[in-house]
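Please build the complex by placing chain W on the supplied structure of chain D, with the hints as guidance.
Residue numbers (my numbering), protein chains in the order written: chain D, 1 to 113; chain W, 1 to 114.
FYI, nobody ran anything at the bench for these hints, they're computed from the structure.
Nothing here was measured: the structure is a model prediction, and the numbers come from that model.
There may be inaccurate statements among the hints.
[Stated by the list, open to error] Interface residues of chain W toward chain D, partial, derived using beta-carbon atoms under 10 Å:
hint: 1; residue: Gly16
hint: 2; residue: Ile34
hint: 3; residue: Pro44
hint: 4; residue: Thr103
[Said to hold, decoys possible] Residues on chain W that point at chain D, a partial pick, calculated with CB under 7 Å:
hint: 5; residue: Tyr32
hint: 6; residue: Lys56
hint: 7; residue: Gly107
[Claimed, not checked] Rough simulated footprint, nothing fancy, chain D against chain W, three-plus residues with beta-carbon under 8 Å:
hint: 8; segment: 45-55
hint: 9; segment: 58-72
Quick reminder that beta carbons are idealized off the backbone N, C-alpha and C, glycines included.
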Amino acid sequence: ETGVTQSPTHLIKTRGQQVTLRCSSQSGHNTVSWYQQALGQGPQFIFQYYREEENGRGNFPPRFSGLQFPNYSSELNVNALELDDSALYLCASSLQGSEETQYFGPGTRLLVL
Amino acid sequence: GESVGLHLPTLSVQEGDNSIINCAYSNSASDYFIWYKQESGKGPQFIIDIRSNMDKRQGQRVTVLLNKTVKHLSLQIAATQPGDSAVYFCAEKDSGGGADGLTFGKGTHLIIQP
Numbered sequence: 001e002t003g004v005t006q007s008p009t010h011l012i013k014t015r016g017q018q019v020t021l022r023c024s025s026q027s028g029h030n031t032v033s034w035y036q037q038a039l040g041q042g043p044q045f046i047f048q049y050y051r052e053e054e055n056g057r058g059n060f061p062p063r064f065s066g067l068q069f070p071n072y073s074s075e076l077n078v079n080a081l082e083l084d085d086s087a088l089y090l091c092a093s094s095l096q097g098s099e100e101t102q103y104f105g106p107g108t109r110l111l112v113l
Numbered sequence: 001g002e003s004v005g006l007h008l009p010t011l012s013v014q015e016g017d018n019s020i021i022n023c024a025y026s027n028s029a030s031d032y033f034i035w036y037k038q039e040s041g042k043g044p045q046f047i048i049d050i051r052s053n054m055d056k057r058q059g060q061r062v063t064v065l066l067n068k069t070v071k072h073l074s075l076q077i078a079a080t081q082p083g084d085s086a087v088y089f090c091a092e093k094d095s096g097g098g099a100d101g102l103t104f105g106k107g108t109h110l111i112i113q114p
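Just chain W, same shape as in the assembly:
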């Protein structure tokens, strides 16, 4: 079946810089997208979501951008802090597809350099 993938397995950034994590999806029927953060030994933590009728959504220090034309999703983290170190997953869902659950990518490990 179709799946969500990420471009890079590891991203290293300097503390205080902005981080951009990318995600490509292949299911054109997907209309709901979520970013999760997973720290070592913990479950995924909801960060931000976006529906397909939007192309940008902002939260606290985070922004999600959606480009439906090229099926691309990105998560921008402003002023990256040591506590942002984690694996970040994008997930997608076709809301009209019934209770099929979320489809996750493999994740990007964000490493913060001091």
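If we strip away everything but chain D, and leave its shape as in the complex, we get:
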């Protein structure tokens, strides 16, 4: 186990709704990255947070947003949900300076109907 936790484990929403996913990083890790993994695909980078600010972003629209808190935990918010947003959302924590070594949580499975 990596020590990275995510909640909830599963979630069902309808198109147009908003969702908030949560992540607690591994102890001592100050950087959090979020990924979207569609069924049968590899994870795709959404964004990364360090020192409570977004410091990197992948090819995702602005309706995907996030927060990082002083205790390094993080939230991923998705507005105006679309059917294609159905996926496994993964959080990974790392230590800035060795940020490449990312340790993943179990993910939140989101289904949009």
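Frame of chain D; chain W shown alone:
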């Protein structure tokens, strides 16, 4: 953009044999590579990593080989066990590219035959 890919979607091996999972990458600026293992219903689990200043790195029962000339990465698993059944992803990063995250391939599903 450039991406990391894998040669085979499924690899079936006999229990006890060695497994070799291959990966091709296209971003010549990538200098850090990682192999992850993902079991059903779980998040990716770190296996081993390698930087571009190395061509081989060994862990417990696993070896990663990097050939920068042909942009090829492989993961070798010795004496494959039933617990090795999973999807294996290679991921890459350009450390000089800022906080752009890891780029993953689509994965290879390793199946262990008894």
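The hints, checked one at a time:
1. Because the smallest distance between the Cβ of Gly16(W) and any Cβ of chain D comes to about 28 Å, over 10 Å, the interface hint for this residue is violated.
2. Because the closest C-beta pair between Ile34(W) and chain D is about 7 Å apart, less than 10 Å, the hint holds.
3. Residue-level restraint check for Pro44(W) holds (minimum Cβ-Cβ distance to chain D is 5 Å; threshold 10 Å).
4. Of the supplied interface hints, the one on Thr103(W) holds, with its beta-carbon coming within about 7 Å of a beta-carbon of chain D, less than 10 Å.
5. At about 5 Å, the closest approach between the beta carbon of Tyr32(W) and any beta carbon in chain D falls short of 7 Å, and the interface hint on this residue holds.
6. Restraint check, Lys56(W) versus chain D: the minimum CB separation of about 19 Å is more than 7 Å; hint violated.
7. Given hint, Gly107(W) at the interface with chain D, holds; its Cβ is 6 Å from that chain's nearest Cβ, closer than 7 Å.
8. Note: the segment 45-55 of chain W has 3 residues with beta-carbon separation from chain D under 8 Å; the three-residue rule is met and the coverage holds.
9. Residues of the segment 58-72 of chain W with a Cβ under 8 Å from some Cβ of chain D number 0, which does not satisfy the need for three, so the listed coverage is violated.
Violated hints, listed in ascending order, are 1, 6, 9; each of the other numbered hints is respected by the structure.
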